[in-house]
Amino acid sequence: MATSMERVDELVEESSYVFKATVTQLNASNEPAVRAGPGLIVARVDEAFRARETVGVENLRGREVTIQLANGSLAVGENVIVLATEWVYGAQIAVRAVAHYKATSQTEKAVVEAVERLPTRLLEARLDRAALVVDGEVESIKASPVPDGQMLRSPSYKLAVVRVVSALKGKPGEHVNVLFPTSPAPPWRFAPRLKEHESAVLILHHETALKAPAGFYTVLEAGDVHPRDALGSIKSLLKR
Amino acid sequence: MAIKIRVVNMIPQSQSGETNDDSETNIAVNPADPRIIGGTAFTNIFPTTIFLSNDGGESWAEAGIIPAGTNDFNAKFSRNALYCGDLVGAPLSVFRTADPFSLAPMVQVDGEPNIDQPWMIVDTVTNGPDTGKDRAYAAYTNWNAVVSVATIDVSQDGAAAAPVFGSVQLMNRPGVTRNAPSVRPATHADGTVYAAYFDWRAALVSPTWGSTNADVVVARDDNWGANNFQDLVDPSDSHFGVRVATGFNANFNGALGPDRFGSDLAMAVDPRPKHSRRAWVGWCDMQAGSYTLHVRESKDHGKTWSADRLTIPNAKNPGLAISSEGRVGVFYQQLTGGGTRWEHHVQFTTNGVDWYDVILAKTAATNWTGDYNGLQTHGRDFYGTFATDNTPDLANFPHGVRYQRNVNFATKQLLDLGGNPVSSSIDPFFFKISWPAKKEEGEERGLGGGERLEIEGLKYERVSIRKLTFERVGEGDDGDAIARLLRRIADGLDHEKKDDDD
Chain A
1 MATSMERVDE LVEESSYVFK ATVTQLNASN EPAVRAGPGL IVARVDEAFR ARETVGVENL
61 RGREVTIQLA NGSLAVGENV IVLATEWVYG AQIAVRAVAH YKATSQTEKA VVEAVERLPT
121 RLLEARLDRA ALVVDGEVES IKASPVPDGQ MLRSPSYKLA VVRVVSALKG KPGEHVNVLF
181 PTSPAPPWRF APRLKEHESA VLILHHETAL KAPAGFYTVL EAGDVHPRDA LGSIKSLLKR
Chain B
1 MAIKIRVVNM IPQSQSGETN DDSETNIAVN PADPRIIGGT AFTNIFPTTI FLSNDGGESW
61 AEAGIIPAGT NDFNAKFSRN ALYCGDLVGA PLSVFRTADP FSLAPMVQVD GEPNIDQPWM
121 IVDTVTNGPD TGKDRAYAAY TNWNAVVSVA TIDVSQDGAA AAPVFGSVQL MNRPGVTRNA
181 PSVRPATHAD GTVYAAYFDW RAALVSPTWG STNADVVVAR DDNWGANNFQ DLVDPSDSHF
241 GVRVATGFNA NFNGALGPDR FGSDLAMAVD PRPKHSRRAW VGWCDMQAGS YTLHVRESKD
301 HGKTWSADRL TIPNAKNPGL AISSEGRVGV FYQQLTGGGT RWEHHVQFTT NGVDWYDVIL
361 AKTAATNWTG DYNGLQTHGR DFYGTFATDN TPDLANFPHG VRYQRNVNFA TKQLLDLGGN
421 PVSSSIDPFF FKISWPAKKE EGEERGLGGG ERLEIEGLKY ERVSIRKLTF ERVGEGDDGD
481 AIARLLRRIA DGLDHEKKDD DD
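Protein chains in written order, with the working numbering: chain A, 1 to 240; chain B, 1 to 502.
Just chain B, with the same shape it has in the complex (with noise of 0.2 Å):
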């Protein structure tokens, strides 16, 4: 598989001689420009730095241009700006500027006075009278009151001057003790957002606080949220937002190696035009005493869930992001060697059902990495980011790895600027998943001939072709109909499979 993998330590040059661990990673990629990226993980530099890159993610610097210190931020670019929410102390400042690389302090555009884990997510509109705003999604849980509360501060305007925001509660149902600390829009063009959130509906019990049934609640708005994500209902008991599932052991603060765990949650939706009803959640929960990610899909707008499309055991930090052609990719770590090492995996798939996995890291499992990570796409690509152990062993990273910091990899030793040995410790890690063309693609699997073919995972053996031209009409899946088509010709079957997709 002719795909492109590029793997980036973060930390700069000039950083040569931090131990720190720089844990709990995300990733802004700007639709304008994909050669402009920023960077969020916890540095032991204050006020706090962002990191930044204008030539793609090959090269870092850490510029200190957000105004206050941090318990938990990430941020997100539109075609407009770049925003960060930001956990300063108890309360949450969300900050914007339209240039980073001014490097001047971003200024604060919205605040709420107690929250836990703020998540940004912005979208410029690209039709209709309103195109060119922002809207803006600060998703947050709601300390304000006396329980946590699930909660989204929505802008339809993010880029004006003084941009107003307006805060929606998502949790909505009877019986619901609190919701665990995080929540994840996903927007469409077509104004469709989703919003994901875990219900803890049993007591919560000191020392974890975790709930033994909770539930994974997927709310949708049909107007960039100006309808309060009251779009979806589940017939089951008529409140708002559909329970793809229920009552399953959340174990918050609960230990998978060094790391917590307990809120872990990815949601995602199909960017191509008229595949909103296209969406995907993943989430992680207690089976048999594992910690496991679950993966499912919508194909109709939220009504209705798969099972599992993806099922890992010992996993956590799970992201979520689709391509322009309709590819989905599922960032987690899972813990394995004994719970000595994490392996850091992207799985694709475009029919849910064959899977093609890229493992970026193998490493050393050794201290805290965070609460989550950052996947997104533009146009064909993945972009994202981790965290993990920094020590240069090139054993560890299978598809070869760039650092910027003073490095030894004969001798697998970090340097500091005067060239003396540092001690290893968690970096983050920056990486992109490049997919060829389509027609690229075609030519890269092999259609002109050969004996053996493997596509999406599926293996093929005594292939024939001679020659196999096409050229596709319209708006469609190709990865999909390529697949359809090979196995029809390797069965030797004539059939037609209905498919239920856009």
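Chain A extracted, bound-state conformation (with noise of 0.2 Å):
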């Protein structure tokens, strides 16, 4: 039984896989990890529209993969359009479906549409969480006036003042102290690391759970920070 597509755009964004395939096998697995058994199909994969960056979609396509369906059943050389999360990774790769479609060009046009649009979507709701968005210019790194540094999890916090060149989301003076993450730890690994004279927009937040002063700002994910070429996109969709 294949799902229904209201919720397309949650169910992209929760999956990391997104392909169109035709099952090769039933209650099989191609990967030597996985046991074979109800529940499993093989399939190859026909066309990739999402993939983990350790695969690639180039890579994902024309490869076989095992499927964990979600619910349902299938039938040897039917073609669906599967969204999945990452399961097992061995010689082969196996996923855990959390929806299929039966593969029309309606559903395909549906599910393509919902993965272009997820890189916006996550972008808005960011926007939407920020404090202030700025336009800047880190003027200076200095050792973090917030004392975190106790637990192996403690995010390290350098301190990075940036020169406001404008704002695109509230009303900062001319310059905010930006706090950024340095330990190497989890969950820490992917915050960006600010540097001198680095030019960004700034996606700021709050910083609650420890304890920032007031009138400084935080940078703790990848997404915080883009490249100055992106300030068009930004701005646009801060004006929706």
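To be clear, the hints were calculated from the coordinates, so they are not data collected in a lab.
Since we're looking at a predicted model, the values are computed, not measured.
Treat the hints with care, as some may be off.
As the list claims (entries may be wrong) - In silico DSBU-like links for lysine-lysine, alpha-carbon gap of 35 Å or less:
#1 B:4 - B:412
#2 A:211 - A:109
#3 A:195 - B:412
#4 A:211 - A:239
#5 B:362 - A:158
#6 B:4 - A:195
#7 A:102 - A:169
Take each chain as given, in its own frame, and dock them per the hints.
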């Protein structure tokens, strides 16, 4: 039984893999670590729309993958569009389907459009959550005034003093104080590391968990810092 | 020395394109079937994956069976199940599965609201009325209070449908400011459980938050943790846990090359029957400006401790394990080359004096490799994991290496699934060091004759042994006995050296 298309945007966001495939085996697995059994199929990927960057859309296309279905059953030769999360990486790839649809031009169009909308949707949500959005330049990097280094998972903040070129959301002064993590450990491994003289669009947040002083903002995720050539698209999103 | 050394890059072939720093590794060998092995490392896959092998570590898959993301996690096998201690945000979750290859999500069996560095140890009881039950120990520092306190959640029946865990606080000395994140239990089949931890006794100063006055303490429980780890009293102050070393500079959050340090600790107990009195502890501290590994031994149930059996400068991430023959393995990574290279060592000894050094890898020190690595034994064999630069250069691996991910050794290049170059990063590596059976070991050591002989790192010349036959009766350490006999022959002496071991 295929899934309804109503929540396709949410399901695409939940899925690290989105592809169109042809079922080649039932109750089977092509990944040695995955035991064959009911609810599993092997399918050849005919077209890939979204994939982990470690695999890549181009490298997923043409590959056979093992799929654990969320519901329903399929027949060999059936064409489906699969939205799935990661499950097992071995010699082959096995995924857990969060939804699958019978492959028609209509469902393919709806899914492809949802994939294309995703980056914009995520950026819009981030901008909505932001306390400030500025186009600025990092003037200096200093030691953080926030005492945060007592635990292995502490962010080990540093302070970037940012000169505001223009304010895109909120009303900052000429400068804003931005704390950014320097710890190499989780959960800060992918946090942005600001550098002196770096020009960027900064999506700034108030950090409450670590009691940052008033007037200090944070960038904690890679998506909080964008190159200046994204200025136009961010401005247009903020005007919506 | 005819030991077998196998090193395997754990990244699966289907993840050939990955460039993540997969750091901070650990290992879980199934005691019921050592072909089944688990491994942990931070990957860029969420929720969290665990590395699984069902062929003794030759091939690995990453399986998304841990139902939450992680800030710190490691796993251990009992004979009944795989357990994973997972720092999910700030809370601890202990997850469990009886069959990791079912690939079903693990189930939570214990939790704490606010902790640091979970460390899982499990053991299955092999004799007495509780035979078959899992003793489970989730060690951590407890931040539920204001400061971090060394704590172990103990279950006497971890494999039960709804296991009961009770929290045991190890810190009990007045004047202690807090405990460092690492707490390291080690179990023996007779019910002895040791636990090592750091007491920090001086005020902590930003930005490093390390103590310049720290102790390393070993506590002991003689009944699987049921005695609240109060069976070893320090005679100098009557508090629980003997202070192995005192007053050193812990320098938490210091830097060693691209890595941080400050809570490096390892603990092991001799698994042989009637050998639970023989325990080893390893830790790192600042010595003359160098972050230094110390390894010490106790032969009396932790009451007294030796001087350093091993001292290694510029080293971190110690691992300790003892084989079924009493051979001690010490893992560490040492910064060399003026801070540009990591060397990953395992040193072995049977007597605490003679060491045999195996260098597993010599790699570029590029990015963060994590706060610990894994070392475990099964029988005579040592299993471990470490994280380091993944450049496929055979010169970096003195004993060879197997990659599952796509590589070109000729060009020293990683390749993605499409054959395109991939930049180097940090990968987890598995290793297995297999020691030959004792009889084979004797033969390999040239006991049939020869002019030169090396045993346990000691070199002998002008050796002339036409025939030496013997058969051990009862329990004992062949390595020590053979070494002593050969020394007597080489020295031409006929004396008895007192053996103060069991």
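Hints versus structure:
1. B:4 - B:412: holds (25 Å)
2. A:211 - A:109: violated (46 Å)
3. A:195 - B:412: Between residue 195 of chain A and residue 412 of chain B the Cα gap is close to 31 Å, so the pair holds against 35 Å.
4. A:211 - A:239: Distance ~31 Å between residue 211 of chain A and residue 239 of chain A Cα, so the pair holds.
5. B:362 - A:158: holds (32 Å)
6. B:4 - A:195: Not satisfied, since the Cα-Cα distance of roughly 47 Å exceeds 35 Å.
7. A:102 - A:169: violated (43 Å)
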